[in-house]
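Residue numbers (my numbering), protein chains in the order written: chain Z, 15 to 114; chain W, 48 to 219.
Rather than coming from a laboratory, the hints here were simulated on the basis of the structure.
Zero decoy hints are in this set.
Which chain W residues face chain Z? A few, computed with CB under 10 Å, are given here:
(1) L95
(2) V112
(3) F118
(4) E128
(5) G149
(6) A163
Computed from a prediction, not measured in an experiment: that's the story for all the values here.
In this text, a Cβ means the ideal position worked out from N, Cα and C, and glycines have one as well.
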Amino acid sequence: MVPVSYYLILSGILFSCGVIGFLIKRNIITIFISIELMLNGVNLSFVAFAAQWQHLSGQVFVFFVMVVAAAEATVGLAIIIAVFRTRETLNVDHVNLLKL
Amino acid sequence: MLHLVLFLVFGAICVAGAINLLVQSHPISSALSLVVVMASLAVEYLLLGAEFVAAVQVIVYAGAVMVLFVFVIMLLNAGVEERTKGSRVALILGIPGVLAGGLLVAWVLIERTGTATVGLGALPGFPKTIGNLLFHDFLLPFEVTSVLVLIAIMGAVVLASRPEPKNPEKES
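Okay, chain Z solo, but in the shape it has when bound (with noise of 0.2 Å):
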């Protein structure tokens, strides 16, 4: 048996890493990465909470969770290619323009 705060607590731990890495990171590959991180920390508590309440739901609402998820890593690629093309650079020091 293993309390369901350990598991809030890893969920926890993985959620504050996606977020230093968002915010201390300079490529913007990388800072995608970091929200990939989030949202795996956010789907561990979501099945931890669905096993302690005896629910499936959780685990159903983590399953549109990774959709979404993948969805949004298609598109954030996608601008991520087109700024490329547009700027040359992945620093997200030197996209500070709108306008070229």
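Got chain Z sorted already, so can you dock chain W onto it with the hints?
Below, chain W without anything else, positioned relative to chain Z:
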């Protein structure tokens, strides 16, 4: 006991992968550490009994999404990122703030959910039961996500396609 040991081992792998993601400076190293995190998270799902979610995690996340990431990193020839210095105020206030917030959240979680425990395979989420729920109770959200995925496909094709040459007389 076995449950706790497995949880601790794979949780440690998970946290190590997440920290490695932060420390590495090359995007491909970060992407591969995210694969490690996702694979060990799949084991954590299995410990909670969520078999379907664990399988989808490996197939969709660690398989499809990360392959997409690695492809884009290689396509754009991403090199080692350059670090910029953050502000000193953020360094002085940020680290104690993060520590205090984290301890507060951990304390609240342990206090409020301290007695609740889950056993090994607490809630079996077989594909059959998940599918029943997905196609009866959650039918409308499921259809909405299919529309969302369709829009995402079209958006990706439009955004990633090469822009057409502007002046046609130059070509002819």
